[in-house]
Amino acid sequence: MDLGPVWLTLLLATVTTVGLLLLGTPVAYWLARTKSRAKPVVEAVTALPLVLPPTVLGFYLLVALGPLSPVGGFWLELTGEALTFSFSGLVVASLIYSLPFMVQPLASAFEALGDGPFEAAASLRASPLAAFVHVAVPQSARGFLTAVVLTFTHTIGEFGVVLMVGGNIPGETRVVSIAIYEHVETLRYAEAHMLSAGLLAFSFAVLVAVYALNRRFPPHVG
Amino acid sequence: MSVDPSRRPAVRASELPTRPLGRASTLAMDFRLQRADFGLAVKVEVPLEGVTAVFGASGSGKTTLLRAVAGFERPDRGRVVAGTDTWFDSATRTDVPPHRRAAGFMFQDTRLFTHLDVAGNLDFAARRAVAGGGFDRADVVTALDLEPLLHRRTGSLSGGERQRVALGRTLLTRPRILLLDEPLAALERERKADILPYLEGALSRFGIPTLYVSHDIDEVARFADRMLLLSAGRVQAHGPTPQMLERLDLQPAMGRFEAGVLLAGRVLRRDPRLHLTWVDVGGDEIAVPEITGAGGAEVRLRIRARDVALATRRPEGISIRNVLPGTLLELTPGDAPGFVEALVQLRAARIRSRLTLAAVEELGLAPGMSVFALVKTVSFGA
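So the protein sequences, as listed, match chains B and L.
For the numbering used here, add 29 to where a residue sits in the first sequence, where the first one is 1.
For the numbering used here, add 75 to where a residue sits in the second sequence, where the first one is 1.
None of these hints come from the bench; they were simulated from the model.
If you're wondering where the values come from, they're calculated on a predicted model, not measured in any experiment.
Hints are supplied without guarantee of correctness; some may be wrong.
Here chain B is said to cover these stretches of chain L; the calculated rule only asks that three of the stretch's residues, wherever they fall, bring their Cβ under 8 Å from a Cβ of chain B [to be verified]:
(1) 194-206
(2) 237-249
(3) 415-426
We put the beta carbon where it would ideally sit given N, CA and C, even for glycine.
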């Protein structure tokens, strides 16, 4: 059996999760702490990928990342490679597609902390950045765990956006979900079964591990 | 009434000289702050030394005042000046962020960091201490007896232990001013008694000027040098604690069963057989249950108005040990219909009594009369 799609999928999910940790954490923190009037707008933007059909998202991404668009054109000039129908393009699409799954659990976790720990940190002469790094992040460990797992598994499960933006190029954009689709289309059910069962078992195992871990990470209240 | 060996000389007169705002060694608070359901407007200056109790009923603005000093609440206008440091001034748009103010705030709910153990909480503060000497981590750990707790998780601490750790953590930043927000309010009475000696010892040992929010007059009487009485978001009065406790006009704000006086005295002699200690209070001798403290030791006696009765003649055949001759100075309406508050001049000290209106009329009590104040011995139990 061809394991290429499996490795590609894991690589995509890992890159997306790490990228979203870096991008999503500040956004979530801002959302949790801000008193700005722009908050509902930013919240809505980060939640859009949840409600839009993947095809809509994929269509706009295809247009936005295409070689004729400013972004796609810039990328083409920079790397000599088009963003559409490439792994890099898939990463960009996944970052956007999975954004809510990183931002929402983190924002809830930060919000649940309330002002208490931040005031306590400030009263102990810790700067806002130090309060974030040394208090907010460790006290939100459970939120981070949830966010990372949801982002990772959700990226693994994405299909529509990948098909629209990445197509089905072996070794480049052919992830597990696409491979299963193709196996079914070509009536190779045995292979479809293998990948599907593998994905099912993997997802189940991850979720069991998360819930088990969650019991050891008591929520930091008080 | 409680009897406490005092840790500092008794009463200092004129604690609050009128100085220009911002003079070194005072904390000047002159600001207004309006919230949807509450307003605070203060203009007061307290010396940056000893313990200043911020006292008042709940909702009077005590905590908000403290939070404004710490920088957690922003006044609409005015100034907060600690010594020579301007922490807030709406005129110059100065608003020093809380973490740059050398103020240590101890929260009523402690807010220990749950992801760190006790040692981690202390280190968090010690790493960020205000530069300078005086004392270090070891001193604080010793003073508050934290050594056995260092490796405990914060979740496993008892209420009293949490307060000790929180106080230690706050002290370790070496603040120039300590802001304690009802540190004992969340504790039961027995737990309070456990932690009070630590608190008292630490305040005296590290000598950091302290604003102490409380609504417990016994705590205030025990270790506050002066009081700031807040009422409905205004400073109603401020001054040395003994004088404040004596003022009849402040009674409504101080509360019904708390009316009383605080007397500074000196231990004269003890009788181990009777378990009594005689204390000299300005020429009057008062017998109290045996207290620790050698002869000559300074003590503070708190006598509640409700524990003092008055007689127009020296009573005989009476079980009350303390019968003190004096002159009736003042009668004011009491805290409830049918009650009267009396202020009596003893030899040097003054004592207060809560009487029924019926008793006043029957005895024909009037200012200027000679009376005997009867202080129930039982009332001296701590």
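Here's how the hints hold up against the structure:
1. Figure legend: the region 194-206 of chain L, annotated as covered by chain B; annotation consistent (5 residues with Cβ-Cβ distances under 8 Å, at least 3 required).
2. Coverage of the region 237-249 of chain L by chain B holds in this model, with 3 residues showing a Cβ closer than 8 Å to a Cβ of that chain against a need of three.
3. Counting residues of the region 415-426 of chain L whose C-beta sits closer than 8 Å to any C-beta of chain B gives 0, which falls short of three, so the coverage hint is violated.
In terms of the numbered hints stated before, the structure departs from hint 3 and from no other.
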